[in-house]
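Undergrad: Chains as they are written, first to last, in the UniProt record's numbering: chain E, 1 to 277; chain X, 1 to 277; chain G, 1 to 277; chain R, 1 to 277.
Check the hints yourself; a few may be wrong.
Partner residues are not named here, just some residues of chain R that face chain E (Cβ under 10 Å, in silico) [as the list claims (entries may be wrong)]: (1) Tyr110; (2) Ser159; (3) Phe165; (4) Ser171; (5) Thr202; (6) Tyr205; (7) Val227; (8) Gly228; (9) Ile232; (10) Thr234.
Computed list of lysine-lysine pairs in DSS-like fashion (alpha-carbon distance at most 30 Å, straight line) [claimed, not checked]: (11) E:Lys49 with E:Lys153; (12) G:Lys16 with G:Lys92; (13) E:Lys153 with X:Lys92; (14) E:Lys153 with X:Lys17; (15) G:Lys153 with R:Lys16; (16) E:Lys16 with E:Lys92.
Simulated restraints, written as ranges between beta carbons of each label pair [as the list claims (entries may be wrong)]: (17) E:Tyr48 with R:Ile13: 49 to 57 Å; (18) G:Asp184 with R:Leu214: 32 to 40 Å; (19) R:Ile149 with E:Tyr48: 33 to 41 Å; (20) R:Tyr51 with E:Pro183: 51 to 59 Å; (21) X:Asp117 with G:Asp184: 48 to 56 Å; (22) R:His151 with X:Arg150: 33 to 41 Å; (23) R:Ile13 with E:Arg134: 25 to 33 Å; (24) E:Ile211 with X:Glu154: 20 to 28 Å; (25) X:Glu45 with R:Leu214: 12 to 20 Å; (26) R:Leu214 with E:Thr30: 43 to 51 Å.
Source of the hints: derived by calculation from the structure; they are not laboratory data. By construction, the Cβ of each residue, glycine as well, lies at the ideal position given by its N, Cα and C atoms.
Each chain, letter by letter, is given below.
4 protein chains.
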Amino acid sequence: MGIRRQLYEILKISDKKGSLSWQFDVFLITVILLNVLVTIIETVEDIYKQYRLFIDLFNWFSVIFFTIEYLLRVWTIVEVPRYRHPVLGRLKFMLSPLAIIDLMAFLPFYLPFLGFDLRFVRLLRIFRLFRVFRVAKYIKAIDAIRHVIRHKKEELLVSLVFVCFLLIISSCIIYYVEHDAQPDAFSSIPATMWWSIATLTTVGYGDVYPITPLGRFLGSIIAVLGVGLFAIPTGILASGFSEEISKKKSKSTVCPTCGQPVKEHTLKTPEANNSSN
Amino acid sequence: MGIRRQLYEILKISDKKGSLSWQFDVFLITVILLNVLVTIIETVEDIYKQYRLFIDLFNWFSVIFFTIEYLLRVWTIVEVPRYRHPVLGRLKFMLSPLAIIDLMAFLPFYLPFLGFDLRFVRLLRIFRLFRVFRVAKYIKAIDAIRHVIRHKKEELLVSLVFVCFLLIISSCIIYYVEHDAQPDAFSSIPATMWWSIATLTTVGYGDVYPITPLGRFLGSIIAVLGVGLFAIPTGILASGFSEEISKKKSKSTVCPTCGQPVKEHTLKTPEANNSSN
Amino acid sequence: MGIRRQLYEILKISDKKGSLSWQFDVFLITVILLNVLVTIIETVEDIYKQYRLFIDLFNWFSVIFFTIEYLLRVWTIVEVPRYRHPVLGRLKFMLSPLAIIDLMAFLPFYLPFLGFDLRFVRLLRIFRLFRVFRVAKYIKAIDAIRHVIRHKKEELLVSLVFVCFLLIISSCIIYYVEHDAQPDAFSSIPATMWWSIATLTTVGYGDVYPITPLGRFLGSIIAVLGVGLFAIPTGILASGFSEEISKKKSKSTVCPTCGQPVKEHTLKTPEANNSSN
Amino acid sequence: MGIRRQLYEILKISDKKGSLSWQFDVFLITVILLNVLVTIIETVEDIYKQYRLFIDLFNWFSVIFFTIEYLLRVWTIVEVPRYRHPVLGRLKFMLSPLAIIDLMAFLPFYLPFLGFDLRFVRLLRIFRLFRVFRVAKYIKAIDAIRHVIRHKKEELLVSLVFVCFLLIISSCIIYYVEHDAQPDAFSSIPATMWWSIATLTTVGYGDVYPITPLGRFLGSIIAVLGVGLFAIPTGILASGFSEEISKKKSKSTVCPTCGQPVKEHTLKTPEANNSSN
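One chain only, chain E, in its complex shape (with noise of 0.2 Å):
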C-alpha cells in the first residue's frame, strides 16, 4: 500500500474508534471547535489585547494546518474510483461544495499577501466558520433531520407557502394603514415586513409597532392569525423529529396487526395464537 493510499485512510473520516484515522478525526474535530472558540472570543476587545500572541498564533497554525490538509485530501483524493483521474478527478473534487467551503476557510488568510484590502479580508474571515459544517459530517444525528425535512417535506412547504402569504398580506396591509401615521417606521411595504416577521414569530423587539386603531385592530387579528399559522411547520418538524428517533429505536419491530411502530418486545402475533390452537 503506497504511502497516498496510506494518508488517504488516515484523512477520510473512521468508524473505527483508537485507529490512526480516528485520532486525527477527534484532532480535526477539536481543531475546528477551536477555531469556531477562536472566532467568537477573538471578537471580544479585552480578550483580544490580552491574549492577542495566542490568538495570532492559533490563526496561523490553523491556516497553516487546513491548508497541508487541503492539499493532502486534493493529492489523495484520486484513491477514491469517481475521482481516479489525476487532472479531471481532483478539479471535480476541488468544485464540490465541501472542498470549496474547506478552501475558504483558509484563503482570506493569504489574500492580504496579493494586495488585497486587509478590510475586506477580514470580512471573508466569516468563513472560517463554515468548517463547522466539517464537523456535522461526523455527527450521524444530523441524518435525522435529514429524514425530516425530506419526509414532511409536503408539509412544510405547503405551510411555509401560507406563513409567505400571511407575511406579505399583512405587511401590505399594514404598511397602507400605519404609513401616514408612522412614514419612518413603516416607510415601505420590506421595511413593514420587519414589523411581520417580529409579530408573526412572536419575537416582538418592540422597535416598530401599529400605533392607530385600526392598525392596531388588524395587528391583533394578524397576530392571532400568525401565531396559529406559524405553529404549523413548528409542530410538524417537532412531531416528525420524535418520530423519527423513535422509528430508529425500533426498526424491525411493526405490529402485524396494524403496522405501528411496536416498542416493546413481549410482542404476541395472532398467528402464534392460532397456531397454539
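Here the structure of chain E is known, so what remains is to put chains X, G and R in place on it, guided by the hints.
TA: Chains X, G and R alone, transformed into the frame defined by chain E:
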C-alpha cells in the same frame, strides 16, 4: 368547436402539463406573482424613483392584461352549464366572490379617468394583492388546510371562545387596575386589549405593560394562563394539519382491526391468518 | 301547575329549541353579552360622551332586569327538591357561588343610594363582567376543558410545580446578580419575578432585562430552560384537549385489540373473523 | 433499639402517614418552604424594615434548626450499611452532593463570626435556596421528568446541538453585518449571542435588534428558522412528559398485539377469542 369554446378551454385551469391552457395558467400565475412583487417594491422610494418607467409600464400592462382576461372570462363563461344564460349567467358569474376580486384588481386604475380622487384610488390599489388568491386555486394543498379547519371546526371554535373570554376578562381587570397609574397607555378597555393581545400571543412589544405591583401580579397570572390557553388552538391546528397530510399519503390502507391509518405495506390482517389455518 | 312552577320552568336552562324557556335563555344571553359589550365600550370616553343617555338607560334596564330575575329565581328555587325548605333552601341557594356572582352583578348599582362612595362603587361594577360565567353554563363545550383539566390534573400540577421552582430560583439568581447594577429594575426578588415571568412565557416586554455579562449569560440559560419547561403544561393541555374532543366524537367505538379509540365505522373485530371460520 | 437508631428512623423520609418520622418530614418541608418565602420577601425593603425582628428571628431559628438536623444526620448516618464506618462513612456522607447543599444552607450564617467580609457572606446566603432541592426528594413526580430526560436523551442532545449551531452561526453573521452600524449593541460575538438568544427563544426584549436592511433580512430568516428549531426540543419534552405519565397510569395493561399502552379495561385479546371457539 367555436372560438368561444376554445377560449374557455384555454382560460380554465388545466391539469394537462404542456397544453396551451396549462401554458396560459403558468403565464397568468407569473404575471400575478410579478404584480405582488411590484406592489411590494414600488413602495420603496429609491427603487420606485429609479425604475419608475419600468414599474409604471408593467402596471399598465397588467391592468390591460387583467381587463382583457376578465372580459374574455365573462364572455366565455356561458360555456359552463351553470352560467348558461347569456345575461343572467354572466351577471351571476360577475357577482361571484372570485370575479369581484378580479374586477377590484384592475378597476381602481381606471377610476382617475372618471374624476375620482387620486389619493383614494391609490388606497384601492391594495386590492391588486387579492389576485394572489387566484393563485390559491392552483395550489391543491390549500385544500389540506380547508379540510383541517372543517374537521377541527368544533375544537377551534371552543378554543376561540376561551381565548375571547380571557381576552375580555384580562383586559377589563388590567384596565381597572392600571387605568389610574397609566391613563394614557390603558385609556379604555379596547385600548387595554392591545396589551392583552400582545401578552396572550407572547409578542410583547413592550409599548404598554403594567407598572403597579397589583397590575404586574395579575398580568403575570394572565400571561401564564393565556400562553397555555393560546397554545390550544395552535396545537389543534398543527396536529390536525399533520394528520390531514399523513391521511392523504396512505388513503386506502387502514388497519382492519382498529381502523387507524396504516403506514407499512406488509399488513397481515387477522382474517388472512385465520383463513390459512 | 302553579305560577311559581311555571316561572321556574321558564327560568331554568332549556334544551327544547323554540320553547318559552329557551326563548328566555336566548334573551338572557343577549342581555349579558350586550352588558359585556357596553362595559367595554363605555370606557372609551368619546363613545361614552356621545351615547351617554343610551348607555345609562341600558345599564339601568339591565340592573332592573337582573334584579327581578334574581328575585324570581330566589322565589322559585324551592321547586328544586334540594332547596325545598322555604327559608333555609333559599338561603342555601343565595350562598351558592353562581347566585353570589349574580347578586354582585347588580348590587353595586344600588350602593350609591345607601351612601357608599361613588368611586368605590365604580370599581365594583367590574363584577358585572362575571355575568359572562352565566353564559358558560349554556356552552356545553366548557365541559371539554373541565374534563381535560380533571384528566390531566397530575401532569399539570407537576409541571406547574416545576414552573414555580424555575420561577423562584431564576428570580433569586438574577436578583443577586443584577441588583447592584440595576437597583431600580431588580429592586427585590418579587420585582425580579416580573422579569422572570416575561422571560419564561417569552412575552419579553423589554422594560427590564439583565445588563451585566453574568446576568445576561445566566438569563440566557434561564430563557432556554424556561421556554422548554413552560412548553410542557402547554403541550399537555393542547394534546389533552384534542384527545377529549376526538373521544367525544367516537365515544363507543374502541378497537377491541388495543383499546384505542376507533374513527372508522367499518370495524372488523377478530371475533367476527373467528366466528366466520 | 438505641436512641441513634430511633433518631435515624425519624430523620429519614417516611411513607407512613401520621408516624413521627412523617410528622418530622412535614415540619422540615414547612420550614424549608417558609425559608424560601422569607428569602424572597426579605429583599423587599419595606417589608424587611417593618418585620425585621420577626425575619431575623426566623432566620436564626432556621440556621440553628438546620445545624442541629445536619449534625444529627451525620451522627446517625452510620445506621445505613453503606456509611457504616464511624469516620470514613460519615466523611463519605458529608461529601455527598445533598449533604454539601445542606451544609451550604446554614454555614454562611456562621462566617461573620470567623471574621469574613459581611458583603461576601450576604451573597452566599443565596445557597439557602438550594434547600428547596431537599423538598424535591419528597415529590415523587420529579422522577417523571428524570425519566423523560433519560428516555429522550438522544433527541434532546441532537436538538441542543442544532440550537447551539444556529446560535453560533447566527451570532457571527449578525455581528459581522451589524457591528459597524451599532458598535455598542453588537460589540462582539458573545454580546451578539444575547440578541440571538432573545430572538431564537422569541423573548425579544427589544434592547438590541438589527437596524441595517441586510441585518434585518438575515435576522428575519434567523428568527423564522430559529423558532422552528427551538420548538423541536420543546415538543420532544412535552410529548415525552405526556407519554411518561400516561404510561405510569396504565403500567401493566399493554395491548398484547402491538404492545402499545392500553387505556380501557375491557381489553379483549385475540387469545381469549380463539380459546372460546
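Undergrad: Each hint should be assessed against the structure and marked as holding or not.
TA: Verification of the supplied hints:
1. Tyr110: Since the shortest Cβ distance to chain E is 38 Å, the answer is violated.
2. Ser159: Given a least distance of 7 Å, the restraint on R:Ser159 holds.
3. Phe165: OK, holds: R:Phe165 within 10 Å of chain E, min 7 Å.
4. Ser171: Result: holds, 8 Å to nearest chain E Cβ.
5. Thr202: holds, 5 Å
6. Tyr205: holds, 8 Å
7. Val227: holds, 5 Å
8. Gly228: holds, 5 Å
9. Ile232: Given a least distance of 5 Å, the restraint on R:Ile232 holds.
10. Thr234: holds, 7 Å
11. E:Lys49 with E:Lys153: At roughly 48 Å apart (the allowed maximum being 30 Å), E:Lys153 and E:Lys49 break the hint.
12. G:Lys16 with G:Lys92: At roughly 28 Å apart (the allowed maximum being 30 Å), G:Lys92 and G:Lys16 satisfy the hint.
13. E:Lys153 with X:Lys92: violated, 40 Å
14. E:Lys153 with X:Lys17: holds, 23 Å
15. G:Lys153 with R:Lys16: holds, 24 Å
16. E:Lys16 with E:Lys92: At roughly 28 Å apart (the allowed maximum being 30 Å), E:Lys92 and E:Lys16 satisfy the hint.
17. E:Tyr48 with R:Ile13: 49 to 57 Å: holds, 53 Å
18. G:Asp184 with R:Leu214: 32 to 40 Å: holds, 36 Å
19. R:Ile149 with E:Tyr48: 33 to 41 Å: Holds, at about 38 Å.
20. R:Tyr51 with E:Pro183: 51 to 59 Å: holds, 55 Å
21. X:Asp117 with G:Asp184: 48 to 56 Å: About 52 Å separates the Cβ atoms of X:Asp117 and G:Asp184, which means 48 to 56 Å holds.
22. R:His151 with X:Arg150: 33 to 41 Å: holds, 36 Å
23. R:Ile13 with E:Arg134: 25 to 33 Å: Between R:Ile13 and E:Arg134, where Cβ atoms are some 51 Å apart, the hint is violated.
24. E:Ile211 with X:Glu154: 20 to 28 Å: Violated, since E:Ile211 and X:Glu154 (Cβ atoms, about 37 Å apart) do not stay within the stated range.
25. X:Glu45 with R:Leu214: 12 to 20 Å: Given range 12 to 20 Å: holds, Cβ gap about 18 Å.
26. R:Leu214 with E:Thr30: 43 to 51 Å: Since the Cβ atoms of R:Leu214 and E:Thr30 sit about 33 Å apart, the hinted range of 43 to 51 Å is violated.
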